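> Chain by chain, the residues:
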Amino acid sequence: MAGFRFPGAIGNGMSTYIDVGTLTRAVSMPPGLIDPLDHAKHWVRQQIRQRSTTVIQGAGELAYRVVMQELRALHGDIQAKVDYIATLPGELRDRVAADFFSSFFDHYLPKKFIHHFVYGNGKQIKLNLKEMIDCNPSINLLESTPFNNRLSKLRSEAASRQSRVDYPFTLEMRAIALTNGTLGQFTTKLNGLIQVQADGSWVAEGRMEFADDWDFDPKDLDRGGRSASGEAKTRVAHAFLPGKAFSISSESADFRQTERDARVVWAGGTPVPAYDKVSAADIGVTRPER
Amino acid sequence: MKARAWGLAALLALLVGVGWLAKGMYDMGFFTSNRQELQQLLGSAGQAIADDAQWAAWTPDPNHKPRGFYLVRVLDEDGFRRLASSTGLQVTLVPDLVEAVWSLPAGVDLAQWRAPAVPAGSGLQALGAVGGSNVWLRWHEGMLYGVVLRAS
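From first to last, the protein sequence lines stand for chains A and B.
Using the working numbering, you'd call the opening residue of the first sequence number 1 and step up by one each time.
Using the working numbering, you'd call the opening residue of the second sequence number 1001 and step up by one each time.
For the record, the hints were derived by calculation from the structure and aren't laboratory data.
It should be emphasised that the depicted structure is a prediction, and the values quoted were computed from it without experimental measurement.
For glycine and all other residues, C-beta sits at the position ideal for the given N, C-alpha and C.
Take these hints with a grain of salt, some might be off.
What the hints assert, rightly or not - Take a look, some chain A residues computed to stay more than 10 Å from chain B by CB distance: (1) R65; (2) D77; (3) G120; (4) N148; (5) R161; (6) N180; (7) D199; (8) E205; (9) K233; (10) K277.
Unchecked claim - Output of the computed footprint for chain A on chain B, the stretches with three or more beta carbons under 8 Å from beta carbons of chain A: (11) 1069-1081; (12) 1091-1101; (13) 1127-1135; (14) 1140-1151.
Unchecked claim - Capping the alpha-carbon separation at 25 Å, the derived lysine to any residue pairs in SDA-like fashion look like this: (15) A:K153 with B:L1093; (16) A:K189 with A:S163; (17) A:K189 with B:G1128; (18) A:K153 with B:S1122; (19) A:K112 with A:N148; (20) A:K153 with B:P1095; (21) A:K153 with B:Q1090; (22) A:K219 with B:S1033; (23) A:K153 with B:S1033; (24) A:K112 with A:T145.
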């Protein structure tokens, strides 16, 4: 809002005006002179370079805007950006780092988790059913060796008896969430009943919960399950995103899988990948290896 | 002479730098291919499964290694039985069931994949844990079809 202007009241081409929003008298510089906002930004930029913590914290919103401007000027140089963020003092660094890492995601859940990592002080998060679904988990009981071993035994038993065999089970298995930046590889805790018919057909159904530690833990590349790019991203966040690890639990949800299903059937339906921006760009330029 | 010495020193420094970078990338696994990943999953006992096979990886999330591999190879019945025996898998007839494990996931394309169409009773199959994976093998009319899912 420009407000009402009274030209020349304080001399030298400057003008004063009353802002109608705040009803305070303000000063605007005439064209050709130094813009005080630019001057202030320049000064804040200098303070950031000199790492003058107290001054930067006092500058608040302006310091944040200057830093974001500096980051934009670094364009696609992610290493330079994280190096720059690492030099920032305390609260400003936390805020900029949270926004910077969030900017790699369009989905609301990774943004929520990053914010919680930085500001949540390690408090546990419990996912509701919608959030469980929005993680886009891919859970296939046939990836579990203990499940397969049990299923083989039950099939043999059912075939030899020529009748249905029921078996109550509990199982913890790893699954992956296809919404990047959410659960990654996480633990699914299932309990329910397996029923196997004499012809080998089977159904497993019951309840399941999700559990994970959201901590950017670096893993061994051979055995950790992450790809090289996934591990690299995790390590960058591990090194440069300030925060505290937290655990994630979830509500309990119904599931069911039979021999005809490629994965568990539940309220989440078929998972749809939601990639981070780097992965989305990678997929655009690479072809699968054969 | 002095300029040449500086040039050599700079070249040496560059080579050392490139060497360190390459070592770092190697340590990070940048040179690990999906083929190596398949071999690693199958372990030494299961190496023969992938011999001379055409295969495709299923990677639903590029931040993670492939969740599974689908492979096809030419193999006679004796070869299939030997392969199953050497990997500790028991051979049975193909059951009269429609099983989703034999269907290629979305995004995986493998020519000659006919595993879901093998008629009940006329083909052979074997399944079980092999190395760090769970494996399903199916044989019919001189072709082996394999599904290798990362064990959880």
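> Taking the hints in turn, state whether each one holds.
Verification of the hints:
no.	hint	result
1	R65	holds (32 Å)
2	D77	holds (17 Å)
3	G120	holds (23 Å)
4	N148	violated (5 Å)
5	R161	holds (17 Å)
6	N180	violated (6 Å)
7	D199	violated (7 Å)
8	E205	holds (16 Å)
9	K233	violated (7 Å)
10	K277	holds (12 Å)
11	1069-1081	violated (count 0)
12	1091-1101	holds (count 7)
13	1127-1135	holds (count 4)
14	1140-1151	holds (count 3)
15	A:K153 with B:L1093	holds (17 Å)
16	A:K189 with A:S163	violated (29 Å)
17	A:K189 with B:G1128	holds (23 Å)
18	A:K153 with B:S1122	holds (24 Å)
19	A:K112 with A:N148	violated (36 Å)
20	A:K153 with B:P1095	holds (16 Å)
21	A:K153 with B:Q1090	holds (13 Å)
22	A:K219 with B:S1033	holds (18 Å)
23	A:K153 with B:S1033	violated (36 Å)
24	A:K112 with A:T145	violated (34 Å)
Taken one by one, the earlier hints fail for this structure at numbers 4, 6, 7, 9, 11, 16, 19, 23 and 24, listed in ascending order.
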